[in-house]
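Following the hints, put chain B in place on chain A, whose structure we already have.
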Amino acid sequence: MTVRTQDSGARTRPPAGTGAGPVRRRPLRLRDRLTKAEAKVAPYAFVSPFFIVFAIFGLFPLLYTLWVSLHDWSLLAGDQGFVGLANYRELMQDSDFWRALTNTIGIFVVATIPQLILATVLAQVLNGKLRARTFWRMGVLLPNVTSVAAVGIIFGLIFARDYGIVNWALGHVGVEPINWRGERWSSWLAISVMVDWRWTGYNALILLASLQAVPKELYEAARIDGASAWRQFWSITVPMLRPTIIFVSIVATIGGIQLFTEPLLFGSGVNAIAGGSTGQFQTVAMYLVQQAFTGQRFGYASTVAWVLFILIAVFAVINVALLRRIKSVD
Amino acid sequence: MKTKNPLLYVGLVATVLLSIGPLYFMLVMASRTNDEIVSLPPPLTLGDKLFPNVDRVFDNPDVLFGQALVNSLLVATVATVCVVVSSSLAGFAFAKLKFRGRNALLLFVIGTMMVPVQLGLIPLYMLMTKLGLNGGLPSVTLPFVVAGFGVFMMRQFAEQAIPDEMIEAARVDGASTFRIFFSIVFPALRPAAAVLGLLTFMERWNDFLWPYLTLDAEHPTVQVALSRLSSGYYSDQSLIMAGTLIGTLPLVVVFIVFGRQIIGGIMEGGLKA
Numbered sequence: 001m002t003v004r005t006q007d008s009g010a011r012t013r014p015p016a017g018t019g020a021g022p023v024r025r026r027p028l029r030l031r032d033r034l035t036k037a038e039a040k041v042a043p044y045a046f047v048s049p050f051f052i053v054f055a056i057f058g059l060f061p062l063l064y065t066l067w068v069s070l071h072d073w074s075l076l077a078g079d080q081g082f083v084g085l086a087n088y089r090e091l092m093q094d095s096d097f098w099r100a101l102t103n104t105i106g107i108f109v110v111a112t113i114p115q116l117i118l119a120t121v122l123a124q125v126l127n128g129k130l131r132a133r134t135f136w137r138m139g140v141l142l143p144n145v146t147s148v149a150a151v152g153i154i155f156g157l158i159f160a161r162d163y164g165i166v167n168w169a170l171g172h173v174g175v176e177p178i179n180w181r182g183e184r185w186s187s188w189l190a191i192s193v194m195v196d197w198r199w200t201g202y203n204a205l206i207l208l209a210s211l212q213a214v215p216k217e218l219y220e221a222a223r224i225d226g227a228s229a230w231r232q233f234w235s236i237t238v239p240m241l242r243p244t245i246i247f248v249s250i251v252a253t254i255g256g257i258q259l260f261t262e263p264l265l266f267g268s269g270v271n272a273i274a275g276g277s278t279g280q281f282q283t284v285a286m287y288l289v290q291q292a293f294t295g296q297r298f299g300y301a302s303t304v305a306w307v308l309f310i311l312i313a314v315f316a317v318i319n320v321a322l323l324r325r326i327k328s329v330d
Numbered sequence: 331m332k333t334k335n336p337l338l339y340v341g342l343v344a345t346v347l348l349s350i351g352p353l354y355f356m357l358v359m360a361s362r363t364n365d366e367i368v369s370l371p372p373p374l375t376l377g378d379k380l381f382p383n384v385d386r387v388f389d390n391p392d393v394l395f396g397q398a399l400v401n402s403l404l405v406a407t408v409a410t411v412c413v414v415v416s417s418s419l420a421g422f423a424f425a426k427l428k429f430r431g432r433n434a435l436l437l438f439v440i441g442t443m444m445v446p447v448q449l450g451l452i453p454l455y456m457l458m459t460k461l462g463l464n465g466g467l468p469s470v471t472l473p474f475v476v477a478g479f480g481v482f483m484m485r486q487f488a489e490q491a492i493p494d495e496m497i498e499a500a501r502v503d504g505a506s507t508f509r510i511f512f513s514i515v516f517p518a519l520r521p522a523a524a525v526l527g528l529l530t531f532m533e534r535w536n537d538f539l540w541p542y543l544t545l546d547a548e549h550p551t552v553q554v555a556l557s558r559l560s561s562g563y564y565s566d567q568s569l570i571m572a573g574t575l576i577g578t579l580p581l582v583v584v585f586i587v588f589g590r591q592i593i594g595g596i597m598e599g600g601l602k603a
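If you read the sequences in order, they're chains A and B.
Using our numbering, read the first sequence as starting at 1 and increasing by one per residue.
Using our numbering, read the second sequence as starting at 331 and increasing by one per residue.
No lab work stands behind these hints: they were computed from the structure.
Keep in mind that the hints are not guaranteed to be accurate.
[Said to hold, decoys possible] Listed below are the simulated BS3-like cross-link pairs for lysine-lysine, each with C-alpha atoms no more than 25 Å apart in a straight line: (1) A:36 with B:426; (2) A:40 with B:426; (3) B:428 with A:40; (4) A:216 with A:129; (5) A:36 with B:428.
[Claimed, not checked] Derived list of chain A stretches under chain B, where covered just means 3 residues or more per stretch with a C-beta under 8 Å from a C-beta of chain B: (6) 35–41; (7) 137–145; (8) 155–161; (9) 196–203; (10) 275–289; (11) 299–307.
Even glycine gets a Cβ: it sits at the ideal position worked out from N, Cα and C.
So that you can see chain B by itself, here it is in the shape it has in the complex:
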C-alpha cells in the first residue's frame, strides 16, 4: 500500500534535489578557488579550499563578519524572547479573559499582520535619527519586540490548550491574573511558545531591508555583511559564497534539529490564519 506509486517518489526526489541544489552549489563554490568557479564546465563537486575561504571571510577587515554573527545572534535572541513573552501575555488575554473592546482589539492585531513595517520605513528612519539610534543594534531590535502574528498564534493555541475550569479554579483559590499566567498558563503554552520562538528567530536572523538601511558599517548583522561582501567592490565569488554559507549554516542546523516543530507551526499557522 505504501509504495503504490513509484512515480510519486521520483517526483519527490526531484523536488528535494531542486530544493537542496542551490545550497549544495553554494557549498561547492565556497570550497573552490575563484579560477575554478569561472571555468567551464562549472565545478559540481566539493573542492579543498573551504577552510581557507572561510578564514578569508573572517579576516576581511571591511565587513566584520565575526562581529556580524555575534550581532545577529544578539538581535535575534532579544527579539525572540520579547516576542514570545509579549505574545503569550496578549494571546492568553485574548483567548481567556473577558474585557471591553476585546474583539475590536483582536481585529486590529490581525490587521497589523497585513501591514508590513517596510511601508513606514522613512518615518521609522526619521524616528530613529531623533532617538539617536540609527546605525546601532537597538534600531533593528526595538521595532520587532512584538509581533501581531505571534499574538494571533498564541491566542489560537491558548484557546484550545487551556481549560476554562483551570483558570476558574485558580481564581476561586484567590490567585491573581498574573499568578494564573505564570503558574498555569505559561507552562501550558510552552509548545506553542517554542515554535513561535523558532519562527521568530529565523525571521529576525534573515531580516534584510531595515537593517540594510539603518545599520552603519561598524554594526552589521549577518545579512548586511553579506550584502556588503557582494556589493561590487569585490568580485571574489568564493569569498562571497563562503560568507553566504556561514550565514546560512546556523539556520540549517536549527532547521534540521527542530524541523518537525517548525513544520507543525507553519501548517498550524497557515490553516488558522
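In isolation and in its complexed conformation, chain A is listed as follows:
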C-alpha cells in the first residue's frame, strides 16, 4: 500500500512531468525500491552475526556473573538463595584471595618491566638496516606461536630442582640448586621468565611497527649532530614510542591479571590449581577456578571474577583515554 502511493508520487514529480529537456531522474520502480530497502537493512544483517553470538556467549555470561555473585550458588545444588553483598564482604577478608592477588600483581610486575625494556631495545635493533630481516623477526616471534600449555610444561622441566638445566647452569657459577617451585620469589621469577619468553618478541614487533612511522630524518639529523646510538635511542626512539609503549603495557596488564595456564602447568601434580604447597604462586584466575570447580562455590567464584573484571575495566578505561590522546597527536 505505502509502496504504491510513494511510487505514484515519484512519477508525478517535476523532472518527469516537465517534459523540457532530457529526463534527469528515472522514476523509482518497485525493483529500485527493494534495492533501497535492502541497502538499509543489509548493514544490520552484516553486523548481526557478531552481535548475536557475542550477546549469547560473551555479554550474557559477563553480566550473569554479577547476578550469580550475589547468591549462594553451588555447582551441584544450584542457587541456594540471594545473599546480597555477603560474598563480597567475605572476599575482602579472605586472606587466600589477597595472597592470590599479591601473587598476580607481583608476577605481573616482575615480568612486565624487563619485558618492555627488552622489547623496546629489540624493536630498535630490528629497525636498523639488517640482512635477512624476516628471519630475525620470525626468530623473535617463534615463542609466541608456541602454546601456553606447552610453555608451562617445557619451562616446568627447565626449572626442575634436581635435574633442571637452569640449576645445572647455575651450579657452574657456584649457586646452590634453587627450589624454583618452593619459594615465593623464585616461583614468581620462573613464571615471569615463561611470560617474557612468550611475549617479548611479540611486543617488539608491535613497537617496531610504530617505530617505522618515525621520520628517518630525525635520526639523520641526530647523527649529523654527532649523537651516539644510545643518545638517539633515549632522545628519539623512547619519546616517539611512548604512546605505543603505554598501549603495549596496558595490554600486558590485562593479560597479566588473567594469568592462569603458566602457573598451573608449572606446578603440575594432582592439586596444581592450588599453585604450590602454600599457594605461593596461585594467581587470582587460578583461585577463581579453584573456588568454582574444586570448592563448588559458583557464587563466591563469580565474586572473584567480578572483582577481576573491575580491575581490568579500570585499565580499559585508561586505555581508551590513551587511545584518544594518541589520535589527537596525529
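The following block gives chain B in isolation, referenced to the frame of chain A:
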C-alpha cells in the same frame, strides 16, 4: 652500510638462540629416555628415542592423543572459517556502509576486545550445562565463532582496500549489498582474511583455559591432552615432551610457511589497535 655494526648481529643471534632454545630443549627431551633426562649434566644433543616416544604418546589409552589432534584441527578450522566470514561481513559494513548507530556499535566491538571470555566462565559453564553441551566439542567452538578483533581488523583493511567508487558503480548497476559483498568486497579482502584466518587458527589451537574446564576425558583437544599427560599421574618426562612436541609442531610448520604474513598481520594490528 648493511654490516655497520657486528655487535647488532651478535645480540640478534643471542636473542634468536634464546627464542629457539626451549623448543630445541623440548626436542632433545622428546628424543631421550627418562633415565637420560634425569642425569647430570643434562643431555644437550638429540637422542635416538624420538619415534618410540612418539609412539608411546599415541598408544597411551588415557589421553587419546590422536583423537585430540583431530579434535583440535576440527575446532580450530570451524572457528577460523566462521570468524573470517563474520568479521569480513561486519568489517565491510562498518567501513563502507552508512547506518544508524554505526559508530556506537563499532565502539562496542572495540570494547569487547578488552573483555576476556574468562571472566564469564562460570555462567558460560552453566549455560553449556543447560544446553547439554558441556564435555563436547561444540562447547569450545560456539563461543569463538566471532571475534571483536577480527571485525576491527577487517574494518581497518576494508576502509583502505576498497574504493568507494567501486561500490557506487556496482550499486548503479543494480547490485544488491549482498551481491556487492560476494563479488567485489570479499575478493578484495582476501589478503587480510588470510592473515586473520592464520591468527585465529593459532589462537584456537593454543586455547587452554575454557577447554580445560569444559571438555570431558573422551573429547580432549591437544592442549587439554597435554595437561592431562603432565597432570601428576605421570612422571614420564620423555612422554610428556614428545606430546608437547607433537602439539607444537603443526603451528611451527604453519609459522615457517606463513611467517611473513603473520608478522605483517601482527604489526598491522598492533599499530592500528
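Note to self: Tell me whether the statement that chain B covers the segment 137–145 of chain A is true, taking a Cβ distance below 8 Å and needing three residues at minimum.
What the structure shows: Held - the segment 137–145 of chain A has 8 residues with a Cβ nearer than 8 Å to chain B, which meets the minimum of three.
Checklist line | Proximity test - 8 Å, beta-carbon atoms, the segment 275–289 of chain A to chain B, at least three hits | finding: The restraint on the segment 275–289 of chain A holds, since 3 of its residues have a Cβ under 8 Å from chain B and three suffice.
Notebook entry, point to check: Does residue 40 of chain A lie within 25 Å of residue 428 of chain B when you go C-alpha to C-alpha?
Noted result: Roughly 8 Å between the alpha carbons, so the hint for residue 428 of chain B and residue 40 of chain A holds.
Next item on the list: Verify the proposed pairing of residue 36 of chain A with residue 428 of chain B, using a straight-line Cα cut of 25 Å.
Entry: Given pair residue 36 of chain A, residue 428 of chain B holds - Cα atoms ~13 Å apart, limit 25 Å.
Next item on the list: Verify the coverage statement for the segment 35–41 of chain A against chain B, using a C-beta to C-beta distance below 8 Å and requiring 3 or more qualifying residues.
Entry: Per the Cβ count (4), the hint holds.
Next item on the list: Sort out whether residue 426 of chain B lies within 25 Å of residue 40 of chain A, counting only the CA atoms.
Entry: holds (13 Å)
Next item on the list: Take a quick look at whether residue 36 of chain A and residue 426 of chain B sit within 25 Å of each other, Cα to Cα.
Entry: This hinted pair holds, its Cα atoms lying about 16 Å apart.
Notebook entry, point to check: If you look at each residue in the segment 299–307 of chain A, do at least three have a Cβ nearer than 8 Å to any Cβ of chain B?
Noted result: This one holds; 4 residues, not fewer than the three required, reach chain B with a Cβ under 8 Å.
Next item on the list: Examine the segment 155–161 of chain A: at least three residues should have C-beta closer than 8 Å to a C-beta of chain B.
Entry: holds (count 4)
Notebook entry, point to check: Is it true that the CA of residue 216 of chain A sits at most 25 Å from the CA of residue 129 of chain A?
Noted result: Roughly 12 Å separates the two Cα atoms, so the pair holds.
Item checked: Residues of the segment 196–203 of chain A with Cβ under 8 Å from chain B, three needed, outcome -> holds (count 3)
Figure legend: structure checked against the earlier numbered hints; every hint is met.
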